Structures are given as C-alpha cells and as structure tokens.
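Top to bottom, those sequences are chains A and L.
Take the first sequence: its position 40, counting from 1, is numbered 545 in this note's numbering, and each next residue is one higher.
Take the second sequence: its position 333, counting from 1, is numbered 1526 in this note's numbering, and each next residue is one higher.
Hints listed in this document are in silico derivations from the structure and should not be mistaken for laboratory results.
Treat the hints with care, since some could be wrong.
[Claimed, not checked] Distance condition first, Cα-Cα at most 27 Å in a straight line; then the derived DSS-like pairs of lysine-lysine:
hint	chain 1	residue 1	chain 2	residue 2
1	A	Lys510	A	Lys652
2	L	Lys1568	A	Lys510
3	A	Lys561	L	Lys1287
4	A	Lys510	A	Lys561
5	L	Lys1568	A	Lys652
On a predicted model such as this, the values are computed, not experimentally measured, just so you know.
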Amino acid sequence: MAHHKIIFSGPVGAGKTTAITALSDVPPIETEATASDHTRQTKDKTTVALDYGVLKLDGSERIHLYGTPGQERFDFMWEILSEGAIGLVLLISNARPEPLADLRQFLEAFRPFIDQAGFVLGITRSDSHRAPDLHTYRQHLAQAGLKAPVFEVDARQRRDVALMVEALLLSLDPGLEVPAALSAS
Amino acid sequence: MSAQLERRALRLAAIGMDERQCNTLRLMCQGPCHNACALVNEIEAEASVLDMDGYQATSRLAELRQAYPERPALLLSLRPLSEELRAGDVYVSKPVRIEEFKQALAELRRIRQTAAAPRPERIEHPVSRNFQPLTTPANGAHRAARLMDGALDHAYVGSAPDIDPGVPAQLEKAYYDPDRYLQGIVARAREMARAQRCNVLIRGAWPALTLSADATLVQVLETDSHLRPYCVQPDVVGGASLDCIDAPPMQLGQPGVVSLDVFLWKLALFAARGRLPRNTSLDAPVLLRHWPNFTRLTLTPGALNIAALWAARPHSPLRTAQLLGLPQRHVFAFYSAAHALDLAVSMQRSADRMLAPETPPPMPHQGLLRRILGKLRIKQ
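Excised from the complex, chain L in its bound form:
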C-alpha cells in the first residue's frame, strides 16, 4: 500500500481557490514536485488544499471536515494558525516554499496511510461497516461526467450533509433568504426593468451592475472571483440603490455584457450553496415550468436528471433526492437556481398539484440509454 501511494500523484482538491490559484498549484505539482500531486474534483480527492486567507475559509474548513471526516487538509495561510484550528491537519505558511510544500505532501500521505490501514474491528465485523448504499455507478464514465459538469465546485452546491427534517436545528440550515443576498437585489432590479422598461443601475458595496431595459442582459465589469464575495455574503444589500438610467442599448459582445439568466442563475447558486429559498416546502412537489437552458448555464451535479424528473412529474425536493440517489444539497441548489429564473415553483397549494402531469410509462431501452449517456459524458 505504501509503495503504491508513493508512486502515484496525491489527488488534491483545491477548495475556494480561483482559477489563477489552481493553475499555480497545478504547475507546482507538475514541475518542482515532479507530479507528486495533481488537482482533482472534490469527490475524487484524497486531501484538500485551502487558502485560509480566503473569504469564509474557516467555515469552509468546518464544512469540509464534516463532509469528509477522514480526509486530511493542507492549510495555507499568511498568519500562523492556532492548534485548535489546525486540528491535526497540515499547515504551511505563505508564501509557500517548495520544500515545505513537498514535506506537507509527505505528511498528507502519511495521514492517508494511517487512515487507510485496516482496523481489527472492521475485519472482525465487516457487516457492521457503515457503508452507504451504492446508488450511483462508480465507473469511469460517471466520474468523467461529474468532471465535465464542473459542478462539484463547493462554491455552487456547498458541502453540507443531508438534513433530517425532523430536527429543527438541521432544518434551519437547509434554508436561505434570497432577499438578503445580491441575488435578491438583482431580482428586484429585473422587476423594475420589466415594469418601467428602463436600464437599471444597481449600486452598492459591489462593483456597479447595469441591467438592460428588456431585462435580458446585464453588464458586469468584474470577474466571478471579484464578485463572488458579495454574492455569498448575506446582508451586504443595505444601502443598495436601484435607479433607472438613460443608456445606449446593451448587446451581447459588449464588454462585460452577459445574459441576465446566466448571471442570476449563478448568483442564486452562490447564495444558496446547496440550500433552499426560505418558505420552500421540503415535502411539496416541484413543478418545472420549462427546462433550463443548460448549454449556457452552470451545470450542477444531477441537474439534468432532476430537470427530467420534474418535467415528467413533480416531486418534492426530499423525494427527488431519494429517488435519484443525490445529496439533498444538489437538489436544493438546482431548485434555488431554477426558482430564481421562474423556471421552477414549489406547488404548496393543493390547486397547483392538480396541474401535475402524468408520469410517462417506463422506457424499454434503459440499459442502452445508460450506455449512450456514459459514452457522451466520458468523451467530454
């Protein structure tokens, strides 16, 4: 086991880092570290790397430890970290020196080996091992599909474990209030543009945003990584202003102009991080009014399956997670984004439920369809 681990690259998940930081890490792994490590997605990783100087890094670390209790983390920070915060993880001070980084990799391997060592009680009582049922095939196609989605990003679906709806404290964690986030302000601006047919300038703590008069485009003169802190932080909206302004017609292709749907979808994912908008029933079926334009939107894990299920027949968020074998946060994230675009609605009134379409009959070619799906995803 030890020799095998030494020979191959240690699989690292970079948590909360932007593309530039990831590229730097990638280059460090490939060059000075002679491929001793490689960046992979969150699910496939053997260890995590966190920039502890990043936004909400401490809470991210806590979420990560909860989601992957046996996975060691490499914590990078300008300032020394307390023993309590390190909690057995590996710390390297910034700026990162190659030798220290290599030593940290060796230490992560050692922790992994210790965790992977067989434990007598498990050998004696294999049936008592707390395995989750394998509800998704762990084949190459499946992994490739998830990589393709680019959707395992912690930023979009969070990392919270499933909740028990019977426990009030857990239930509370399943919700967020869109109105307290930038998402809510942009949604209000959209309504204003629609009602008054004017370009709307949104001002606040964040870089200025302008919505087109037809409420289909938005000008955002900042990158995701610059804007994201304002998207994930609640209560940044105090003092925000919305104003109708005279401006020339906006067009795609102009600097910073993107589809408002694409932007709002992402804002909702950032704000929700795997939670539901407040007052959404966990048990009421969800009606998908239309399929999202997936070729242009951030694709979260399981989004296509969820959309297909809800398009065929409304199911509640909890039931959907159960049926599709998905973590609840994947369902919640998708609902939040689709709801932000008015594409999905919780059918909390009994009258709504009467609109539910019939379930289509089962298809005869399930095995074939699965093989095609695997093929499509593995090639991407």
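For reference, chain A alone in the conformation it holds in the complex:
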C-alpha cells in the first residue's frame, strides 16, 4: 500500500503536536520530553523526535500525519520526513520573538519540497499577539515567489486545522469534487 503523508512543521511552540492531535483519528504518538535547553523558556515539554497521527480514509487507506521536531538540531529529519509527502502545513507562532525570521528559516529549509508539493501557512497565537499581521506574512511569501493560503489558526480547533489541509489539497487541484469539468478545460 502506498505511504501517503502530510508534514506539519514549524518552530518550537507553534502548535504542531496540538494540530496533529486535533486532526488524528487515533491518539497520536507523541515524543515529547522535558525541555532542557533554551526551549524551556517557551514550554516545559517539547517534541524530541517526531509526532505521528493518522487520518483513516475509507477501507484500509491511511494518511500519516508527521510533526517534525522544532529545534534546528533536528533539521536533518525534515528532509527525510518530507520525501514523497503530499504537502507541508507550516505553523508559525506570533508569540515567538521573531516569527518572520522563523518563517524565512523554514521556507528556506523546505523550499525544494514546497516547490513540488502543497503548502499552507498557519499563524498561531495571533489572537494574543497581533503582529505581524496576515498582510505582512503574505508579503513575505510574495517576495519568496509564493502565493499560498495563509490562515490564522487555533491549533486546538479541528475545523481550523482541517481547513488548512483542505486548502493545501485544493491548491494542488482546485477542481477536486468536480474532476470531469476541470480536467476537460
């Protein structure tokens, strides 16, 4: 059976584990441990390997949801994980000190993957930290030559996370649900 997967990435505290938990059909496997480095300033626990959840489709088909660890020292895993994936859900937290620097770093790391797969950007904690606003994020993406969906999300809300993934899928094929009409054009 084909191994289909969607990657959730972003810096520490962006909400990757929470988003996968919101979407997964099974209790996600989390590899969180007590933070011992500078991460501790952000959260008590952090993902040290990867998070894993599953979206069960009809029959026995599964979509694997992988959350990358946020720390840069694990960035060697990002490329391995993203190989063959359908797309990338990138989460950036407005509560972190330099969200736009985070965005640049992850865009750079995932750029080859983004160029050949789906991509959606979710901004978390924007209710309590208004800046940067969506316009600024859109401008940054435009400067990078990307016109991707950018949404404010609450990673705890399944609807928000599902909407991100829907937008990612429709970016790949806007005619989903109506394949005959679009493919004929």
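Starting from the structure of chain A, add chain L where the hints point.
The following block gives chain L in isolation, referenced to the frame of chain A:
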C-alpha cells in the same frame, strides 16, 4: 412511498430566520411533534418554512419558488395571507399552535407525495427528463461538507438561478452597487481611517459603528440579526455621517469589537446576495491577490475551490462557475466578498492579464486528494 414518508422526519429549511427562531422550530419538531420534522440546510430540504413577517419575506418567497419550484412552503404570518401570495403553499397564523403546525406538516407531506408520484409521460419518455448533469458527488461527505460550511444560508449567497448573459433583463439582476449599501459606507470609513489615522464613527439609521484608527477593527454593539436589515437594504445610506473621533485604542476582546475584515466580508455577502459589484465583467479573468483568511471568515459554498482556482490562474466569473460546476451566485458572492477586502480584482485591462500566472501542472494523486478532502469534511 407513503409509509416511508410518514415514518421519517420531514426535512425543513428555515428561510430568513435567526438562530432563536430556528431553535424554537427545532424544539417544536423534536418535542410536541415527536420528531415529525427536522431542520436541514436549503439544498437537502423537502419543504421550506418562512416567517412572512420578516424583512423582504415576499421577495424571498418568490426567489425560493423560482429556485425550487416543486418544493412546498409553510408560511407563518401574523396577518392572513392572500390566496395569490399563498399560491398553493401552506399557511399557519402566528402564534403557531401545535395542532395547526402538525396539520401543516401533514399537508406538506401530502403535497410532496403528489409531486413525487410518477408521471406517465416521464415513464414513457425517460430520456426527455430535464436532469441537470451531476457535476458534484451527492455522497455523504459532500453533504456534510456543505453543512459544515454553514454556507448554504440564503442570506449569504441568495437563491437566484444562473443568468443568461445574453439576456439584458437577466444581466441586470446579476449586479448590485456596493455604494448604495452599508458595505459602501463602511468601505469609505475604512479609507478615511487609513488616510487620517483616526477612529471613525459611522452614524446613520443603523446602530452606531466605530472603526479603529488602524482600520483593522470595528466595534459593533449589535447582533447580526439586528444589523442585517440595514445591510441588505439599498439606499439606507442617505444622511449617513462619518466623523473622526477621539477614542481609546480598540482591542479584540472588548465588547462588540471584531475584525474589520470579518465584518466587511459579511456586509458584502449580505449586500451582494449572490450578485457582483456593478461594472464587474462577467468575462474578464479575476486575479486573486491573496487567499482570504478562511478560518475566520464566513465560508460560502465552493469558496475554497474558487480561491484555489483563481490563485492558480485567473478565470472569469462565468468560466469559474462552469469549470467548478457551481451555481453562478456562489462565484459572484465569493468575488463580491473578496473584492470588498481588496483580495480579488477583475482584470478588465489587457495589461492586467499579462500578470496572470501559469496554470500548475495536473497532480497525479487526484483520487487520493478527493478521498482526504471527503474525510476532512465529513468529520466536521
């Protein structure tokens, strides 16, 4: 057929009713009527229920009859309705009594059964039946997706049928003038706040609105149902005033403070009701500057598909409806809302069209993507 219909709940669409009225109807169906009826969305309904004392109820009824000619309606009104207005539909006077309501349900079932009875000419000539091509899968996931959207609400996309652009009378119905609606006033206030960097107080026939100096927030001390009549009615803007005022900084979380984008998006949907802003070409491609922030905006039917299509490559409103198999009003509604937020623009100049990005290559996993999409929507 009759026994089957009797056993299950009659699916009712409450048209033009606010949440409180819907809840009352729901309770009536579940309690005194012993689940003889259930509220569903407009598409899935077998019958409609209208409060004829509501705003523009008569025109809504006319639109409904045009959109669903075989669907009976239950008309609730304080005053007796003329035979001409009833036109074969079922009337119940308000306040609604349980027994009368039950009888009305039975009458709606009877009308449905009559309409559902096989007609000899259709059996003899099945190929002549005027079926629309099935362009969207009528599976559970699809229906659930539409329910999730909450977007079938007549209030947001109207119920007008597709127009023939070659017929001037129909063409005229496809347009509205935002400047004649509250939408236009709020858009002007936004420009004023941006230009003068001040809080702007909007006064008029409606409850007062205040825009923040950075034009990102608005204070609205009324609910949607109270404000909506002012949003859908043209020419309420006469005598409106916009004034710069001194006010403390506005913040989300304060009473009545919401995102201006969220508010203006909804105002545009209310005013447009499935129409396009005047002077928008039906044939010129639409450029989507940015994806709307869909997690915070009212999601209209097909909005995600339309945004994805336009983000990939501009298409005209008419062509978009055709490609995606959507009613034109869904495309028009989305364009009107996105245009109100400066997210979409009609590329009526040839120079604009040169900016059109290339169409991305087709994706190899279409079947898989569709199954994931169905899964995401059915669970919501």
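Evaluation of the provided hints:
1. With a C-alpha separation of about 22 Å, the suggested pair A:Lys510 and A:Lys652 falls inside the 27 Å cut-off, and the hint holds.
2. Under the criterion of a C-alpha separation no larger than 27 Å, the hint pairing L:Lys1568 with A:Lys510 is consistent with the structure, at around 15 Å.
3. A distance of roughly 49 Å separates the Cα atoms of A:Lys561 and L:Lys1287; the hinted pair therefore is violated under the 27 Å criterion.
4. For a cut-off of 27 Å, the pair hint linking A:Lys510 to A:Lys561 stands: about 12 Å separates their Cα positions.
5. Straight-line distance between C-alpha atoms of L:Lys1568 and A:Lys652 comes to about 26 Å, which keeps the hinted pair within the 27 Å bound.
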